[in-house]
Structures are given as structure tokens and as C-alpha cells.
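Undergrad: Note that the protein sequences, when read in sequence, are chains S and Z.
Terminal number for the first sequence in the numbering used here: 485, no gaps in between.
Terminal number for the second sequence in the numbering used here: 1492, no gaps in between.
Hints were generated in silico from the structure; no laboratory data involved.
Check the hints yourself; a few may be wrong.
[Said to hold, decoys possible] Heads up, simulated DSS-like pairs for lysine-lysine below, C-alpha to C-alpha not over 30 Å straight-line:
1) S/Lys-182 / Z/Lys-1364
2) S/Lys-182 / Z/Lys-1254
3) Z/Lys-1425 / Z/Lys-1364
4) Z/Lys-1158 / Z/Lys-1254
5) S/Lys-399 / S/Lys-182
6) Z/Lys-1172 / Z/Lys-1254
7) Z/Lys-1044 / S/Lys-182
[As the list claims (entries may be wrong)] Some chain Z residues well away from chain S (every beta-carbon gap over 10 Å; in silico):
8) Asp-1057
9) Asp-1244
10) Val-1261
11) Met-1265
12) Leu-1320
13) Ser-1429
[Stated by the list, open to error] With the Cβ distance kept under 10 Å, some of the chain S side facing chain Z (calculated, not the full set):
14) Glu-85
15) Gly-142
16) His-143
17) Val-144
18) Pro-145
We put the CB at the ideal spot given by N, CA and C, even for glycine.
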Amino acid sequence: MTPLNPQMRVIIVLAAAAIACAPRLAWSWPAPQFPDEPMPPPPADPPPPITPSAAPVPAAEQVEPPPSPAELAERIEELERRQTELEGEAARNDSTREQVKALIPLGRFITVFIDVGAFAVAGDGSGIRSDLGHYHFPQYAGHVPAEWTFMGDPLATTINSLGEPADISNSRAIHTDTIHSKGHPSVLVNSIGLSIAKRVTESISISALAELLPRPGPDILDVELAQIHWRPSHTVNFEISAGKIDSVLGVEYRSQDAPKRTGITPSLICRYTCGRPLGVQARLERGRLIASASLTNGDNFDERFEPHLQLKLNNLPTFAGHLQWVFPLGQGLEVGVSGAIGPQDNQPDPGIAQWHVGLDIQLRDLHDFDVAAELVQGSQDGSPMSGITCGGAPCLTYKGGYALVAHRVNSWLTPYVRVDFRNAIHLKGADFVYESHTLRSTVGARFAMTSRVLAKIEYTINREINGVPEFNDDVLTSSLVVATD
Amino acid sequence: MIGSRRVLRRRLWWCVLASAVGGCWSSEPLIDDTFTADQWERLKSDYAPPIPPNPCDVWTQVRRPGTCDQAAALGQALFFEPALSHSGAISCASCHDPGDPDAVPKIDGWFADIRTPNNVSAADSGWTKRNSPSVINVSLKDKYAPATARGVFSWTGKFTRSGAVLRLAIDKALKTNDDAIAAVIHNNPIYLSQYIQLFGTPSPSCSTMPPSQCELIKNLELVFEVYMNKLVSVNSPFDLFIADLPSPLSESAKRGFGVFVGRGMCAECHGGKMFSDFTPHDTGVPQMGVNVFEDGGRADDHGGVAMDPADAGLFITPSLRNIAKTGPYMHDGAFTSLAEVIAFYRAGGVPSGYAGVRDARIQKGEMTDEDARDLEAFLNSLTGTPIPPELCRDVHPRNVCTIAGDANPGTVCGTACVDLQLDPKHCGSCDKQCATNEVCMGTCFPTAPMCSPPAQNCHGFCLDFQADPQNCGSCGHTCADPTPTCVTGTCR
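For reference, chain S alone in the conformation it holds in the complex (with noise of 0.2 Å):
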């Protein structure tokens, strides 16, 4: 292992500066006034002093004399304009008040959060290199260039909760690059999100989260989730979804979004588990038993990895469905089964299969210690173009996993480790083929320095394996959210 540079020193004293002093920082920290607090009342103003005449002299020594009429019409005069103005400002602070009463639901259904970070990734900032040369995989060369051989994992070097990586190099299947670091630190705003949700009769509600994503190149309004839930009975937990829909794989797209979720980024399975397809979802629990299934338009993948229409193209939906069964250890032990079938996305053929089948495991605080893994592995077939192997639509094999472990020390701080890999081959004819075998291991720390704001420091080792050569690509990276509720 080569030593630390001094640059990279730098960063760490400070960092571990800034966590040394975030409890001091969370003790210090000022009370937020925020809207959805009630307004204490405006202190009544005391009553306004009555200047004497003189200044007052001891009984024995010195008698005052009695105001003359005329002084006490001044003064009765004088206090009747008084009352007036205080009249008026009362009724201002009333109006006030019933404004503010009148924003207070706004700001109980709509959740603003800005999500602000620092990082550094080793190398070039991707988490790919070109098999130059076709030395480590040979059987590409002649059917792939060998500037299109990547090695690696285009999203080993993600540095914030969207799972953006710092930089894409010289990638084909992602196209666009929506940090491009080139390897150097900076610091970045992550995303400012508005989440929304409202019930809207005794049995629909709604809810959406749209984040804007700040970026050296043009900016991005991203909306996440936009759906109607419609609950028909009040005595069974049944609810009906539509829109664009959280994904029913796995647990780890329940808390992908920056607030929610315990470390910074996202393990390199999410882009699996984590997309929100447009489509109808229905969820039921029974007692120990959560079945959640899904009709969507298409895959459950990230889009934001895997661009795509998201209309269709071929005529078929895609299936998902996951059981869960939660058994009482901690505040719940839940083990859940998942699986996805469909046509392919972004090509024509609803013959060209994509299928997917995780196993999950959550356990929620025992002992201090939330727990959460999932294996998963799936494959999309692909079809040929003049005799190209997966020239027309691209062949996907996938295997990964990864397990998360936290530890609430106290109320502020929770550290964690994760360890994720992921095996996968993606071959698009001539275009490109990313030979991914990453195993990471991934240390960091959560602060909580109020309810409304988080700090989070994080380290992931990216270990390339199974035939690709180790390269520098290890990540550093932060993040300081701060929710309006």
C-alpha cells in the first residue's frame, strides 16, 4: 500500500477535526426557529412608565402638588392615544398569528432537505480503467475495443445518496457524467429535495419527492416519486399505489434518500432494487406476513444508471413481488424473498427476458444494532444484431450483495460498517463490456446533531477481484443534511 499523501492528509485532520467537534458543534448549536413550531405570544409590552413632574422627594421633606386640570387632560389624553396605537398592534400580531396558524398543515405534509457534501476519490475519480492492451480479458479482443473493455464498477466510486459517482471516465453504458471530478476533491451540494405527503380523504393520500440537483454542468430537477395511495378498508393494511412507485425489492430502497438513510452511499446492488418504475403496486400485511407485488412499466433499476424510456417500448409489464416475514427480535427481525420478471427495457422484443431474485434481511434495533443484507442476482438476455453477440439489446449478468451493521452508541452518533460486492458482466455488441468484480468494504459515521440535522463521514475500500487488476479508487466522502422536519 502506497503511504498517505499529504493532500489526502490534510483532508483527513480536518475531517476528523470536524468530527472531533460535531457534538460540541451539536451542544452549541442555536435552536432552529422553525414554521411548524408554535409561535410563542409577543411579550405584552409593559405598561408605559409616567414621568413625574419632578422627581420625587420624601413626604417629610417636600409635598407635591396636585396636578392642575389642565395636566391631567394631557395625560389622560396621552394614554388614551397610547391604547390606540397598542389596539393596533394587537390586531396586527392577531393577524399575524392566524396566518401563521393557517401554514402550520403546509409545513406538516411538505419536508424540504438540503443535502451538502465534500469528497475524494483515489485515482481518477472512476471506478473503471480500459483493459488496454486486452491483457487481463483476451476474449474481448477482436470483438471490442480494447478502450471499451472497462474494468471495474462504473458506480464503485459513489460519493452521495443518489449514488452519483464522482466521475464516469471514459464510460459507455452511463453516459452522462453528472460530476466529473477527475479525480480531484471538492465539495459538492448533493441535492435539494421536496418531499410531499398528504392525505387527502379517509382513504387516498398522496406523495411525491422531487429533488434539484445542483451540477458544474446543467443543473437537474429529478422527480423521484409521484404517487396516489388508496387504502380501501380501514380494518385490513391493504394499500394500492400508483404513479411513479417506490420498487417492492429488497429493503434497501425503503431508505435511499439522504435523510432516511444511515451511511452516504448507496451499496452497489441499490442499482437493482432502488429505480421508481411507473406502475401500480399493491402491499398487504397480515400478521407476520408483508406481501408487496408490482406491475410496472419497466425494470426496477435505477434510470439514473441505466437510462430509459420511461414509456415502454415492447408490449409486456414488468412483475415484481416481495414476501416478508417479521419475526419479534428487537424491534422486528424481517426476512423477505424477491423476485422481478419481464421483457427487457429499451428494446422492442417482449420475447428478450430480464429477470432478478434477492433474499433479505433486516433486523432493527437490538442491542443498539440495526442490521440489514441482501443477495440478489439476476440477468437480462439480450438479443444479437447481425450475428454480433448482444449487438441489438445488451446481456447482463449479475451477482451481489452486501451487508450493513450500526451501532447507535448514543442519541448522536451511530457508526457503521458495510461490506458489498458484486459480480456482473455487461456486453453490448462492439459498444462496450464492463467486466465488474468489486468487493468494498465500507466504514463511517452518522451524527446526529439534531433531529433536523444529520453529518455523515464515510470511507469505502474498493477491492477489484476476480481477474480485474487493483486500481486506486477508494473514496472519502461526506455529507451534512439538514430537513425541515
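Starting from the structure of chain S, add chain Z where the hints point.
TA: Structure of chain Z alone, referenced to chain S:
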């Protein structure tokens, strides 16, 4: 107790964090901003300068009586021999230009066809379909070609040995046949003498056997191969650079190597010491130019195998060594400059105008303008040392024949064997006739001998035109049958 455990846990977490951060982070310097250290080491090995084989190995293997140098000399003489062509006008050197080592300044030859404005090479009559590639470094090809691509010569890989390309020359360029080639050897005493020294007495004719079975032709293929094996040009600036030797290679060219292997994707077909995989590809080169014919490539002439439509448009990848000196480029000479070639591939080729199915890897890449300039600089750095002048000269007097009773060799002029040093009708060269008052001594000299009448001056000789049947009535007028006798200046 509980408190101390918590402290312990906390310290443990900090240790994990600190060791992860402090122990693993490292920078990754790239070589020439492109290659990892591992890739660079491997590339240095793959692109290390080739070591030319002994040009005489091919001769030694056949164990003939003559020496390798004698074989190379005959090969070199025949390389320049226009008598091999049907018209007697062109030779191998016409399309594989050896330059002019005796010019001032010297003109280096790269043994490619750099002259044709119409891109393709001129044949004995009309045009060939293709641009003649350089024959320099053909001896390196089989040594450094991938195992699956050895024994593949010419644009389509039709021939298994470099010398065997003589067959292509006989059929397509020289427009002649095996018997005519054999006649050149038989009729030229020097060639015949050299041939006998090397191979023994040749068979009188090849007409009774199939072309590939004619021993004389096969032997000539061998001497051509020995000669061409001597045409080696390495030690280019890039060769020196990659071998860690002092090199004038520019920074631009160094970056260009990165483009060549990376974004340019040139190394997909042009990789390795010879900058070629010697494998057939269809890169979609357009059939352009006034004299360019429709060319099905490998499908048109697949060495004795029935034409396979799947081979349409396939051509063997040429080596890029000396590429800056061997334009125009592509099988049909479609591009006159390296910049044009780079622009062609950078754009992902052209949508139509080529034979067969284009290789799927020919796609618009991510090359920048600077990349293109660097790549061109790199290609310009692949020029090796020039071929030694002695291998670029026409060392043999051609059209030599035997004059009865004359110890000196004669020269073939039309159907006659003449002495160019003495023959006033062919003085110095065929059909160069001296005037009657001139004498031939390699060139025409005026003479005025004092002749006593009736003798008169005839090329310096005093002759009687009234009675001399060789000069009857005038100098040089010969009497022949049926009036062989000269009487009073008239043939009777």
C-alpha cells in the same frame, strides 16, 4: 463496566476508521496520462522493437549449392528486370519504388507505390485493383505475426510466402506467363549462369505443368524472397523510445501512442511489434478514385478456395512501420495522407461505398482534435532506418544475350542480339543509329577516314559500296535472299 465497554467500542470504531483512511489511500500516477504501470510494462514488451531474422535462413533451409548472397543478387536483378513484363516496360520496382540512392540529394526508397495519382498501381496494361504495399520488413511478418496469421501475404492473404507473391505479379501486374518468365532466364546468359549456379540447369519450359508446379518459377520465388528478406527497416524513433534508448520521439508522439492504444482504437488491428494483426478485416474503406474497380477483397481471390461471400470486403491489415513514407493508404489508395486516414476512422468510417459488412468496432470514438494530431505524430515516428543504397540499385545489365563468336555478352534489341559497344545500329542502346560518317564505340563518334576510290567511309570503315553485300549501294544496306549478291551497287 458498561461505560468502559462503550469507550472500548468507540475506540475500536475510531481505529477502524483511521486505519481505513490512513492505510489504503494512495495516488495512481498514470504513464503518459494513459497507462497504468501494469499496462505500460506489458505494452513495452508487446511493442518492443522486432529483431530481424537472418535473411538467409530461408535459403539455408533449402540447402541449394549456391550461396545466399548469390540468390539475393539474382533476386535483386530480377526485381528490377522489365523483361519479365509482357511489354518489357515495367518491373517489380515500378510499383515497389526503391527510390534513387545515387540522386543528389539521395531519394530513399520505401518499396511502395507512392507515385500513382489514381491511387491504385499501374499494371503492364491498364490498372491493378489495388495499391501496392511496401515489401520492406516482409521477413519480420511471420516471425511476429500471431500464430493464427502466419503465412498470409498480399492484401487478401492469398499467398503463404512473400516470394510467392511473384504469382500475383505474373498474373496481374506483369501480365505475362510462366513460359515468358522462363524464357527471360534462358535467353539471358548472365541470369542463366546465375540460375545454374544456384539451382542447376533449368527445365526448358513450364508450359507442360501447372503454374504452381513449375520448378523454375518456384526457384525464382525463392530468390525474390531472399532479396526481400534483406529489405529491413527498424529502429524508428518509437522503437528507440519503447526500448528505453535515447530517442527523438516528441511528447506529442508519446501521447499519440496512448491514443493509438486507447481512444483511437488503432491497436485493435494494428497492435504489436509489427503494428498489424495480419488478419482480414472490413473497415469499410470506400472504393474511390478514377481507376478504382469494384473490389470484393478476400472474396475475390481467396487462395484457391472457392469464393466465399462472407469474405467480401476483407483485407489483411497492413503493417504501419514506415507508414509515413508509404502513402497513399488503404487497399485502393483511397487516402493520400495520414490525416485523411485518421479523419476517416475518427468519424466511424463512411455509411456506404464499400464491399461486405463493416467491422462493428468501426465506430465514432471519443478522439479529440489534439488526439488526432498526437496520433499523426506517433504514426510519423514509426519510420525506421532507410534501406541500404546497394539494395536499392539496379545492379544487373538487363537484356543480356550471347553473340556467336563474341566473348562479351550481347544485348537483346528486339529479336536481335547486338553489341551495344560496336553496333552502329544499336550504339549504346537499342535502335540508337549512328550516321554513316560516325563510328560506334559505345556512342557515335564522327570519323573521316581517307578512303581510296571506289571505297567510301562507312562508320569509319573504307568499303566498296559497288560490291559489298553488307553495304550495297550505301552504308548499311544489306543484300538478302533472293538477291544476296551486290553487283555495281545493286543487289541481285
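Undergrad: Now tell me if each hint is right for this structure.
TA: Results of checking the hints against the structure:
A hinted pair counts as satisfied when its Cα atoms are at most 30 Å apart, and S/Lys-182 with Z/Lys-1364 qualifies at roughly 23 Å. With a C-alpha separation of about 22 Å, the suggested pair S/Lys-182 and Z/Lys-1254 falls inside the 30 Å cut-off, and the hint holds. With a C-alpha separation of about 65 Å, the suggested pairing of Z/Lys-1425 with Z/Lys-1364 is violated against the 30 Å cut-off. Between Z/Lys-1158 and Z/Lys-1254 the CA atoms are separated by roughly 36 Å; this puts the pair beyond 30 Å, and the hint is violated.
With a C-alpha separation of about 29 Å, the suggested pair S/Lys-399 and S/Lys-182 falls inside the 30 Å cut-off, and the hint holds. With a C-alpha separation of about 41 Å, the suggested pairing of Z/Lys-1172 with Z/Lys-1254 is violated against the 30 Å cut-off. With a C-alpha separation of about 27 Å, the suggested pairing of Z/Lys-1044 with S/Lys-182 holds against the 30 Å cut-off. A cut-off of 10 Å between C-beta atoms confirms that Z/Asp-1057 is not in contact with chain S; the least separation is 30 Å.
Distance check for Z/Asp-1244 against chain S: the nearest CB is about 18 Å away, which clears 10 Å, and the non-interface claim stands. The claim that Z/Val-1261 is not at the interface with chain S is violated, since a C-beta of that chain comes within 10 Å of its own (minimum 5 Å). The non-interface label for Z/Met-1265 is inconsistent with chain S: the shortest C-beta to C-beta separation is roughly 4 Å, within 10 Å. Non-interface call for Z/Leu-1320 relative to chain S: holds, since the shortest CB-CB distance, roughly 16 Å, exceeds 10 Å.
For Z/Ser-1429, the non-interface assignment is confirmed: its Cβ lies about 55 Å from the closest Cβ of chain S, beyond the 10 Å cut-off. This hint is violated: S/Glu-85 has a C-beta 59 Å from the nearest C-beta of chain Z, more than the 10 Å allowed. Because the smallest distance between the Cβ of S/Gly-142 and any Cβ of chain Z comes to about 8 Å, under 10 Å, the interface hint for this residue holds. For S/His-143, the shortest C-beta to C-beta distance to chain Z is roughly 8 Å, which falls under 10 Å, so the interface hint holds.
For the restraint placing S/Val-144 at the interface with chain Z, the shortest Cβ-Cβ distance is roughly 7 Å, inside the 10 Å limit, so the hint holds. Residue-level restraint check for S/Pro-145 holds (minimum Cβ-Cβ distance to chain Z is 4 Å; threshold 10 Å).
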